[in-house]
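Generate coordinates for the entire structure from the input sequences, incorporating the hints supplied.
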Amino acid sequence: FIKKRILNMLGLKSMQTAVKMIAGIEAMHMVKKGQLKLRAQSAQNQNRCIHQLFGLTA
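Residues in the sequence shown are numbered from 598 upward in steps of one, following the working numbering.
Since the hints were made in silico from the structure, they are not lab data.
Each hint can be trusted.
Label pairs and their computed distance ranges (CB to CB):
#, residue 1, residue 2, range
1, THR614, ALA637, 26 to 34 angstroms
2, LYS610, GLN638, 34 to 42 angstroms
3, ARG645, VAL616, 18 to 26 angstroms
4, GLN638, MET612, 31 to 39 angstroms
Note that CB positions come from ideal geometry on N, CA and C, so glycine has one too.
Now the structure itself:
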């Protein structure tokens, strides 16, 4: 799954960019597969969870 997504994005400039991109793809794949235990399956809860995974502020 990840190889298929990355194949089109081989122009990554740094390792840090590649790590963040792969982490984002994996997080979205977890959401798609329903592996996140959220109280309610809403877009806001999924967004909040993604922000917590990456240490972002909402």
